[in-house]
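Given chain A, work out where chain B should sit, using these hints.
The chain contents come next:
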Amino acid sequence: NAGVMQNPRHLVRRRGQEARLRCSPMKGHSHVYWYRQLPEEGLKFMVYLQKENIIDESGMPKERFSAEFPKEGPSILRIQQVVRGDSAAYFCASSPQGLVEAFFGQGTRLTVV
Amino acid sequence: AQSVTQLDSQVPVFEEAPVELRCNYSSSVSVYLFWYVQYPNQGLQLLLKYLSGSTLVKGINGFEAEFNKSQTSFHLRKPSVHISDTAEYFCAVSDRQTGGFKTIFGAGTRLFVKA
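Residue numbers (the working numbering), protein chains in the order written: chain A, 1 to 113; chain B, 1 to 115.
Hints listed in this document are in silico derivations from the structure and should not be mistaken for laboratory results. The beta-carbon is built from N, C-alpha and C at its ideal position, and this holds for glycine as well. It is possible that some hints are incorrect.
Stated by the list, open to error - Computed cross-link-like contacts, DSS-like style, restricted to lysine-lysine with a CA-CA straight-line distance of at most 27 Å:
hint	chain 1	residue 1	chain 2	residue 2
1	A	K62	B	K69
2	A	K62	A	K27
3	A	K27	B	K49
4	B	K69	B	K102
5	A	K44	A	K71
6	B	K102	A	K51
7	B	K102	A	K71
Stated by the list, open to error - Restraint ranges, calculated between C-beta atoms of paired labels, are given here:
hint	chain 1	residue 1	chain 2	residue 2	range
8	B	L46	A	K44	10 to 20 Å
9	A	Q97	B	E15	37 to 47 Å
10	A	R14	B	L56	45 to 55 Å
11	A	G73	B	L56	13 to 23 Å
12	A	E41	B	S84	17 to 27 Å
13	A	E52	B	I60	33 to 43 Å
Claimed, not checked - Here are some of the chain A residues that sit facing chain B, going by a computed Cβ distance under 7 Å:
hint	residue
14	P39
15	L43
16	F104
17	Q106
The shape of chain A in the complex, shown without the other chains:
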């Protein structure tokens, strides 16, 4: 059973471009969470999704950021018109329904140049 898979592991974007981060949850997991880790900081919750539904996006910036978890395929975190301040590690986690513990992917490190 493969773990949570994130790709790409490293992503470099120029200011103003779009960044797409992908997350495939563990097999059988229907809940996905995205977190952002800024340098020298802990993880900050961004959004919680179930298949085809956004359950809680209270941690998402109001503009330029969006997330989806379609019926088929991975969850996508999309950042439009990236700025230098978006440079961070973005982690995805998944869990089965009702389980407290979430399992983390290895993260995508976004660098905006």
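Coordinates of chain B only, in the frame set by chain A:
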């Protein structure tokens, strides 16, 4: 609202020495508590968790933590560390009503084990 404070940003320690990484939390509701480890350029791996029951929780790699409700603490300990324990450690809390999805993380403690 919940918060987590990790009292030490860095902890240097010699190999085979004991170590304690401190964590305090604040919450108005009952909580679940976690410790995660992050190796360089890796994701987070769960070390241990407190959900209920015994306040002394044993985890992987010889780590343990004790939940102290009166002091709202959940300190992580290991009696003898190895070089391979060098990593960043995160304490985290989530409330029992919302479950794990809004887990709040501390800023992390960097453990550096010296030979």
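- So which hints don't hold here, by number, going up? The structure conflicts with hints 1, 2, 11 and 14, although it agrees with all the remaining ones.
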